[in-house]
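**Q** Here is what each chain is made of, one letter per residue.
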Amino acid sequence: MSKRKRPALDKPAAEPTAPAPTAVEHAGHAEHAAYDQGTLDPTAYDHATPAEVDYDDHNLLGQADWVIGGEAARKARQQGLYAGYVLFLGALVYGLPIVQAVFRTSDAASLGDQLRSPVAIALLVASVAALLGAVVFAGRFRGPVVPPMPWIDLVLPVPLDRALALRRWWRYAAVGGLFVGALSGLTIGAGLAFAHLAGVVTIAVTTVAGAALGVLATRLWLWSQVRSWPGPDRGLSLLWRVPDALRELHAESLRAHSANTSTMAGSALTGNLRTARLALTRPVRHGRSARLRPGRPFGVLVRRDVLGLRRTPGAFLSGLGLTVLGGAIVTWAFTQPAAPSIAATIGLLPLYLGFGAWAEGLRLQADNAGTPSLLGTGEVTEAVAHVTLPTALTVLVLGVEVAVAAVLGSLPVGAPLSLWLVLVLIVAGNVLAAFRGSPTFMLRPQMVVAWYAVPALTVVVLGSVVAVLTKAGNYTWLSVVSWLVYAVLAWAVSKVRRLTYQHRA
Amino acid sequence: MGAVAVLTGEVRAEGVGKTIDETTLLLPTDVSADPGECIVLRGPNGSGKTTLLRIIGGLLVPTTGTAMIGGREADERDRAVRAAVAALLGAPTTYRDLTLVDHLVLIDSTWGGDPATSDDRGLALLDRLGIAHLDDRFPHELSSGQEQLFRLGLTFSRPASVVLLDEPEQRLDTAKRQVVAELIRERTESGGTVVMACHDPALTASLASRVVDVVPAR
Numbered sequence: 000m001s002k003r004k005r006p007a008l009d010k011p012a013a014e015p016t017a018p019a020p021t022a023v024e025h026a027g028h029a030e031h032a033a034y035d036q037g038t039l040d041p042t043a044y045d046h047a048t049p050a051e052v053d054y055d056d057h058n059l060l061g062q063a064d065w066v067i068g069g070e071a072a073r074k075a076r077q078q079g080l081y082a083g084y085v086l087f088l089g090a091l092v093y094g095l096p097i098v099q100a101v102f103r104t105s106d107a108a109s110l111g112d113q114l115r116s117p118v119a120i121a122l123l124v125a126s127v128a129a130l131l132g133a134v135v136f137a138g139r140f141r142g143p144v145v146p147p148m149p150w151i152d153l154v155l156p157v158p159l160d161r162a163l164a165l166r167r168w169w170r171y172a173a174v175g176g177l178f179v180g181a182l183s184g185l186t187i188g189a190g191l192a193f194a195h196l197a198g199v200v201t202i203a204v205t206t207v208a209g210a211a212l213g214v215l216a217t218r219l220w221l222w223s224q225v226r227s228w229p230g231p232d233r234g235l236s237l238l239w240r241v242p243d244a245l246r247e248l249h250a251e252s253l254r255a256h257s258a259n260t261s262t263m264a265g266s267a268l269t270g271n272l273r274t275a276r277l278a279l280t281r282p283v284r285h286g287r288s289a290r291l292r293p294g295r296p297f298g299v300l301v302r303r304d305v306l307g308l309r310r311t312p313g314a315f316l317s318g319l320g321l322t323v324l325g326g327a328i329v330t331w332a333f334t335q336p337a338a339p340s341i342a343a344t345i346g347l348l349p350l351y352l353g354f355g356a357w358a359e360g361l362r363l364q365a366d367n368a369g370t371p372s373l374l375g376t377g378e379v380t381e382a383v384a385h386v387t388l389p390t391a392l393t394v395l396v397l398g399v400e401v402a403v404a405a406v407l408g409s410l411p412v413g414a415p416l417s418l419w420l421v422l423v424l425i426v427a428g429n430v431l432a433a434f435r436g437s438p439t440f441m442l443r444p445q446m447v448v449a450w451y452a453v454p455a456l457t458v459v460v461l462g463s464v465v466a467v468l469t470k471a472g473n474y475t476w477l478s479v480v481s482w483l484v485y486a487v488l489a490w491a492v493s494k495v496r497r498l499t500y501q502h503r504a
Numbered sequence: 000m001g002a003v004a005v006l007t008g009e010v011r012a013e014g015v016g017k018t019i020d021e022t023t024l025l026l027p028t029d030v031s032a033d034p035g036e037c038i039v040l041r042g043p044n045g046s047g048k049t050t051l052l053r054i055i056g057g058l059l060v061p062t063t064g065t066a067m068i069g070g071r072e073a074d075e076r077d078r079a080v081r082a083a084v085a086a087l088l089g090a091p092t093t094y095r096d097l098t099l100v101d102h103l104v105l106i107d108s109t110w111g112g113d114p115a116t117s118d119d120r121g122l123a124l125l126d127r128l129g130i131a132h133l134d135d136r137f138p139h140e141l142s143s144g145q146e147q148l149f150r151l152g153l154t155f156s157r158p159a160s161v162v163l164l165d166e167p168e169q170r171l172d173t174a175k176r177q178v179v180a181e182l183i184r185e186r187t188e189s190g191g192t193v194v195m196a197c198h199d200p201a202l203t204a205s206l207a208s209r210v211v212d213v214v215p216a217r
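Protein chains in written order, with numbering that gives the first Met the number 0: chain P, 0 to 504; chain S, 0 to 217.
Rather than coming from a laboratory, the hints here were simulated on the basis of the structure.
Just to be clear, a hint being listed does not mean it is correct.
Residues on chain S that point at chain P, a partial pick, calculated with CB under 8 angstroms [unchecked claim]: (1) R11; (2) L88; (3) T109.
What the simulated footprint calls covered on chain S by chain P, stretch by stretch (three residues with Cβ under 8 angstroms from a Cβ of chain P suffice, anywhere in the stretch; the number is not a length) [said to hold, decoys possible]: (4) 31–41; (5) 75–85; (6) 89–97; (7) 101–107.
Just so you know, these numbers come straight off a predicted model, no measurement behind them.
We put the beta carbon where it would ideally sit given N, CA and C, even for glycine.
Given the sequences, and given the hints that come with them, work out the whole structure.
**A** Right under this line is the structure:
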């Protein structure tokens with residue numbers, strides 16, 4: 000047994016209030032004395048019902064803390080401070096140089112004008128809206144207030160104020176949101192100032208704006224968690240009535256969010272993303288009356304994906320938002336001389352993720368690997384059919400953005416070629432991600448993270464190289480890199496075959 | 000899919016067994032089935048019936064013995080074997096964004112079914128299984144028994160000379176078991192081969208051409 004210090008009992012846990020039925024009060028003290036002496040029969044209970052019982056919530060919480068965590072609970076809270084310290088150091092060492100690199104350009108004046116343009120401001124607003132939307136989306140299945148299961152099962156049933164019982168986890172999230180927001184604002188403002196694109200005052204403005212955004216995001220996150228369970232009070236006013244929001248959290252909802260956290264953590268650590276995907280995605284209920292039109296195998300598979308997107312408008316819209324955002328940044332990087340080279344690196348990730356949101360058919364094909372075949376098509380044909388729709392949609396978005404860029408300014412000769420290579424990379428990266436299978440090595444968190452990141456990293460690194468070579472006009476090396484891009488595509492196709500047949504052992 | 004050899008429904012498993020490390024999943028067992036036959040695998044839980052079906056379907060490599068489908072090694076990587084074998088071994092992954100009838104139309108189309116009558120075939124099969132009224136439901140909206148019927152529908156909706164079924168009767172009431180028995184009987188009467196694991200004595204008695212007792216390793 001660890002040496003634990005029990006919190007002082009200032010008052011008995013349950014004490015009647017005025018008008019005090021003294022007999023009950025005495026009975027309460029007598030019960031405690033009997034417990035202390037170990038002579039109380041736990042099955043014997045005084046059934047006299049007082050009009051009201053006043054609980055010392057803080058005392059009850061202190062006892063629960065002591066019983067469940069002892070000193071470990073306090074140490075766990077101190078670890079939060081250490082995590083913040085590490086985050087701050089990380090922002091200082093990595094964040095600032097990266098942001099400086101983002102805005103470093105040979106033509107600062109022109110870049111400054113572009114960053115102040117209505118298009119740039121609209122993109123910024125869209126990015127913030129997308130971030131807040133993502134927070135609301137995440138809150139549906141994993142909110143900011145997720146106590147451990149024993150706390151939910153053993154402490155929450157006690158009749159103490161739920162706002163107090165859950166306040167700790169809310170504070171972790173609130174302080175974290177404030178800290179991350181302020182730190183992000185500070186990093187971006189400092190980067191802009193060091194790159195001579197803005198004055199020193201900008202640092203203070205972006206820091207405050209980042210902190211405000213962090214607070215708003217955390218409150219929206221909580222609001223979304225409250226809305227994940229039916230109840231009477233679900234209005235936006237909960238954003239500034241945090242204690243009421245905490246009181247609205249249902250024990251079953253907290254249990255579901257806690258279970259979702261375990262599912263996500265388990266899936267992430269074992270490399271089994273399918274379990275998390277199926278557990279967390281909202282069941283499809285739209286477009287029931289639409290029918291899959293029969294036809295030739297390839298066509299019917301493509302129509303399956305079209306029907307799938309019609310029935311999951313959320314996936315379609317999130318894919319559209321990400322692709323428009325990523326495509327705009329990448330197109331800007333390839334067509335505007337003033338754009339920093341690293342802009343393409345930043346734009347590639349949302350572009351890659353947007354394609355992925357439209358590629359559910361591809362992932363379902365990979366999920367089916369290893370089961371007796373139901374479809375009469377070959378694995379590569381099926382995979383090609385499943386990338387047809389997301390590829391067509393991405394080409395459409397990129398085509399519109401290139402056309403806009405051509406109308407607004409110049410369109411360098413190499414830009415369409417480089418965008419084609421980026422498109423091939425995005426397709427190959429998503430096929431690699433869908434058919435990555437399961438990790439076959441000893442599961443250590445760092446290795447699993449690296450294993451996850453391989454497809455996205457391949458896209459981002461090679462795409463960035465393409466951007467740098469395009470801006471430098473180095474077409475000799477660009478042709479060499481284009482072979483590497485096609486090699487990645489061939490690797491993706493080989494992964495389709497390997498995952499389809501590797502199960503036979 | 001290209002040119003693929005059409006295999007007959009001859010199933011030959013000779014002395015197939017499976018051992019992983021020190022654990023024996025299946026003792027060496029013989030199974031032989033010809034077109035038009037229904038072979039029932041019988042044995043207690045854990046005796047290796049599913050393992051045997053997975054070996055016959057080419058999903059698993061036996062540690063001992065050989066398994067052949069239509070004269071070729073049972074290997075799921077072989078397109079001809081894949082085209083010949085339809086199997087319900089565990090829960091197939093379904094598309095969460097397709098309704099029941101959409102699934103059947105998709106399978107029918109990928110096997111070259113006539114597009115003009117694909118819907119009718121799908122609805123007719125659902126009707127046979129007694130779940131035609133659920134045609135516009137998504138798979139996650141079914142009860143466990145309805146889900147089992149739907150899985151059987153998926154398996155029977157594709158052409159195959161060999162059908163492998165792992166306890167097709169599970170979660171079904173008596174009336175639905177008779178429906179499934181009728182589907183299996185039709186398949187064998189039309190020259191197909193069925194190999195299935197089954198715990199239902201009545202179903203076994205009414206369908207089995209032969210019964211193979213699978214002996215547990217321990």
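**Q** Does each hint fit the structure? Answer for all of them.
**A** Comparing the hints with the structure gives:
1. R11: Not OK, violated: S/R11 not within 8 angstroms of chain P, min 19 angstroms.
2. L88: 6 angstroms, holds
3. T109: 4 angstroms, holds
4. 31–41: Check failed, 0 qualifying residues.
5. 75–85: Contact hint for the stretch 75–85 of chain S vs chain P: holds, 7 residues under 8 angstroms.
6. 89–97: holds (count 7)
7. 101–107: holds (count 5)
In this structure, the hints that do not hold are numbers 1, 4, in rising order.
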